[in-house]
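J.: Sequence:
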Amino acid sequence: MASVCIGNLVRNSAKVFRNSYITQVRTPYGLQIRCWNSTTPEPSSKPLTSVPASDTIKHEGSGNQLIKVSKAMKAYQEKAQALDALMFEKTTEYEIGRRHLANMMGEDPETFTDEDIDTAIEYLFPSGLFEPRARPLMKHPTEVFARKKVAEFDETGRPFHVLFYTGLPNYYQVLHDLSEKVRELDSFSDRMMQYNIHKDPERTLNVGGTEWVKKEQLEDILLEKLKDKQYEFFVRSMNRLLDHPFSYRVEEFIMKFRKHVQISVIHKEIPKLMFTAEGTPYMAAVGRRKTSTASVTVYGRGSGKISINGEDLLYFKYIQDREQVLFPLQFSGLLGKVDVVADVDGGGFSGQSGAIRYAISMAVRSFVDEQMMEKMRLAGLLTRDPRRHERKKPGWKGARAKYTWKKR
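Heads up: the sequence shown begins at 427 in our numbering, then just goes up one per residue.
FYI, nobody ran anything at the bench for these hints, they're computed from the structure. Hints may contain errors.
In silico EDC-like pairs for lysine to aspartate or glutamate, Cα to Cα no more than 20 Å straight-line [stated by the list, open to error]:
{"id": "1", "residue 1": "716", "residue 2": "749"}
{"id": "2", "residue 1": "698", "residue 2": "796"}
{"id": "3", "residue 1": "651", "residue 2": "540"}
{"id": "4", "residue 1": "743", "residue 2": "771"}
{"id": "5", "residue 1": "651", "residue 2": "569"}
{"id": "6", "residue 1": "505", "residue 2": "515"}
{"id": "7", "residue 1": "763", "residue 2": "738"}
{"id": "8", "residue 1": "655", "residue 2": "637"}
{"id": "9", "residue 1": "497", "residue 2": "580"}
{"id": "10", "residue 1": "565", "residue 2": "580"}
{"id": "11", "residue 1": "625", "residue 2": "642"}
{"id": "12", "residue 1": "682", "residue 2": "650"}
{"id": "13", "residue 1": "685", "residue 2": "628"}
{"id": "14", "residue 1": "685", "residue 2": "646"}
{"id": "15", "residue 1": "682", "residue 2": "695"}
{"id": "16", "residue 1": "641", "residue 2": "658"}
{"id": "17", "residue 1": "731", "residue 2": "704"}
{"id": "18", "residue 1": "565", "residue 2": "541"}
{"id": "19", "residue 1": "565", "residue 2": "540"}
Work the whole structure out from these sequences, hints included.
T.: The structure is reproduced here in structure tokens:
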């Protein structure tokens, strides 16, 4: 038998006979097949110099050899050029508008600051909208347009970051750094225990007045879109690092992801103590909880006597309700030092105890200093509980509960 080159048959759309039928077999585009006994020379690879000039660059380290630019880099260059052109156009418009606005307000354009622009916009375009982001504004383009990532790969398409293919390299890099910090602190703690060195209790990381950045702010830092689960995992991991006894050693890393909170405390005028005819100081207050209303009078120089609707503390049969009434006095250190007279009506025992607790807390303010009053505020004693009983829904078993579904 004469040898037959199957490769030539396939490459030249040969006819293959199967059960007296003729079938055309074609090679997919770009596929090269060469038989072991074929005399056809193997096609040479396409030289890089034949690539269009727009898709090539010169590589200085290889004798100015032309190297093909990847499609990803080419697409990035096009987007970067379009963004640069847009930013240049918007910046030019902003500068022209800023100068016109300064002339309208009779100010020097050279010294017209961003605060002056905000004041002028608020004056020229008054708005009654409550949402600040819906009001007219004039900001620099860098504040309006979101930042973009720089190229994450070179001209050949090779990524710079080892975590590039995770999709969120910056996010996972932060988690990797966080785990390294925890490992370093654990190692340091082991060495301290090995040498029997105790931690200085005064050296702690103070994060008072700060909180973790929000999800949107973290996305701006990382320049990556995150899911809610990913943000929650980040916060849990950072809290684990923050709770470490030696977390003060990585303060710089932790504070990068915390922001300062402006605590705006409204200082209400605290009523001054009143005195009875016998000279006993007292203060009255009213508290509400659900449908209950309590009128409470706290007398100083007392012995700890408590009267509720003419009865003692046993007016409440549940111990939780009694603890609610005593908690403000115990927290402020006035338990056993003042007398309390309360009249309460409406609602049940839970609502009545909550109303008395809030009224006692408001009355006790006149007996304590500002530091104790701030502690009471942080403990939630000076904040009224706005929760109410939720109504039952039609067709439901309760406010949230549903009836058991049965197929038949």
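J.: Do the alpha carbons of residue 497 and residue 580 lie within 20 Å of each other, as the hint requires?
T.: holds (11 Å)
J.: Quickly compare the C-alpha distance for residue 655 and residue 637 to 20 Å and report which way the hint goes.
T.: Answer holds: residue 655 to residue 637 is near 19 Å, not above 20 Å.
J.: With the threshold set at 20 Å, check whether the alpha-carbon distance from residue 641 to residue 658 stays at or below it.
T.: Answer holds: residue 641 to residue 658 is near 9 Å, not above 20 Å.
J.: Please verify whether residue 625 and residue 642 have alpha carbons no more than 20 Å apart.
T.: Answer violated: residue 625 to residue 642 is near 37 Å, above 20 Å.
J.: Assess, step by step, whether the Cα of residue 682 is no farther than 20 Å from the Cα of residue 650, and give holds or violated.
T.: holds (17 Å)
J.: Compare the distance between the alpha carbons of residue 505 and residue 515 with 20 Å, and conclude whether the hinted pair is satisfied.
T.: It holds: about 15 Å lies between the C-alpha atoms, which stays within 20 Å.
J.: Between the alpha carbons of residue 743 and residue 771, is the straight-line distance 20 Å or under?
T.: holds (16 Å)
J.: Given the hinted pair residue 565 and residue 580, is their alpha-carbon gap at most 20 Å?
T.: violated (34 Å)
J.: Going straight from one Cα to the other, do residue 565 and residue 541 come out at no more than 20 Å?
T.: holds (10 Å)
J.: Does the structure keep residue 716 and residue 749 at a Cα separation of 20 Å or less?
T.: holds (18 Å)
J.: Does residue 628 lie within 20 Å of residue 685 when you go C-alpha to C-alpha?
T.: violated (23 Å)
J.: Below or equal to 20 Å on CA atoms is what counts here, so check residue 731 against residue 704.
T.: holds (18 Å)
Taken one by one, the earlier hints fail for this structure at numbers 3, 10, 11, 13, 15, listed in ascending order.
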